[in-house]
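*Asks:* Oh and the sequence shown: position 51 is 51 in the numbering used here, straight run, nothing missing.
Just so you know, not all the hints are guaranteed correct.
Below 20 Å or equal to it, Euclidean Cα-Cα: the simulated EDC-like pairs (lysine to aspartate or glutamate) are [claimed, not checked]:
1) Lys6 <-> Asp88
2) Lys3 <-> Asp88
3) Lys3 <-> Asp82
Bear in mind the hints are in silico, worked out from the structure with no lab data behind them.
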Amino acid sequence: MAKSNKPIFWSLFAAGGTLAALFAPVLVSLFLLVAIGHAPDLLSYTNLHALAANWIGKAFLFGVITLFLWHAAHRLRVTLHDFGMRQDRSIAVVVYFVAAAGMALSVLYLWRI
Numbered sequence: 001m002a003k004s005n006k007p008i009f010w011s012l013f014a015a016g017g018t019l020a021a022l023f024a025p026v027l028v029s030l031f032l033l034v035a036i037g038h039a040p041d042l043l044s045y046t047n048l049h050a051l052a053a054n055w056i057g058k059a060f061l062f063g064v065i066t067l068f069l070w071h072a073a074h075r076l077r078v079t080l081h082d083f084g085m086r087q088d089r090s091i092a093v094v095v096y097f098v099a100a101a102g103m104a105l106s107v108l109y110l111w112r113i
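Turn these sequences into a full structure, and let the hints steer you where they fit.
*Replies:* Here's what the structure looks like:
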């Protein structure tokens, strides 16, 4: 039986989709509150910076960003296939490379905090 790497990408896709369904509406709502000036004190710059400076906060942010990127990459790959772009291998290389680059940039930026 031939071995496949599909379970790896499907698990990242599923985890990212679950995380996006749970956290994206909350994050959007909180950032809208911040944008219109009705943010609770918990969302002040100093508190959010302290969260991002802590290693647990960095791990959480890295996980959220990474899984969102992998979910979006796989969703884009499937959508392009549905639109008739049948060069699946080259599309997969491009979208997963962009997700990996975003993951590397998030490591770089989180490291600098």
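*Asks:* It remains to establish, for every hint, whether it holds in the given structure.
*Replies:* So, going through the hints one by one against the coordinates:
1. For a cut-off of 20 Å, the pair hint linking Lys6 to Asp88 stands: about 13 Å separates their Cα positions.
2. Under the criterion of a C-alpha separation no larger than 20 Å, the hint pairing Lys3 with Asp88 is consistent with the structure, at around 18 Å.
3. A threshold of 20 Å between alpha carbons decides the hint, and for Lys3 with Asp82 the separation of about 25 Å lies outside it, so the pair is violated.
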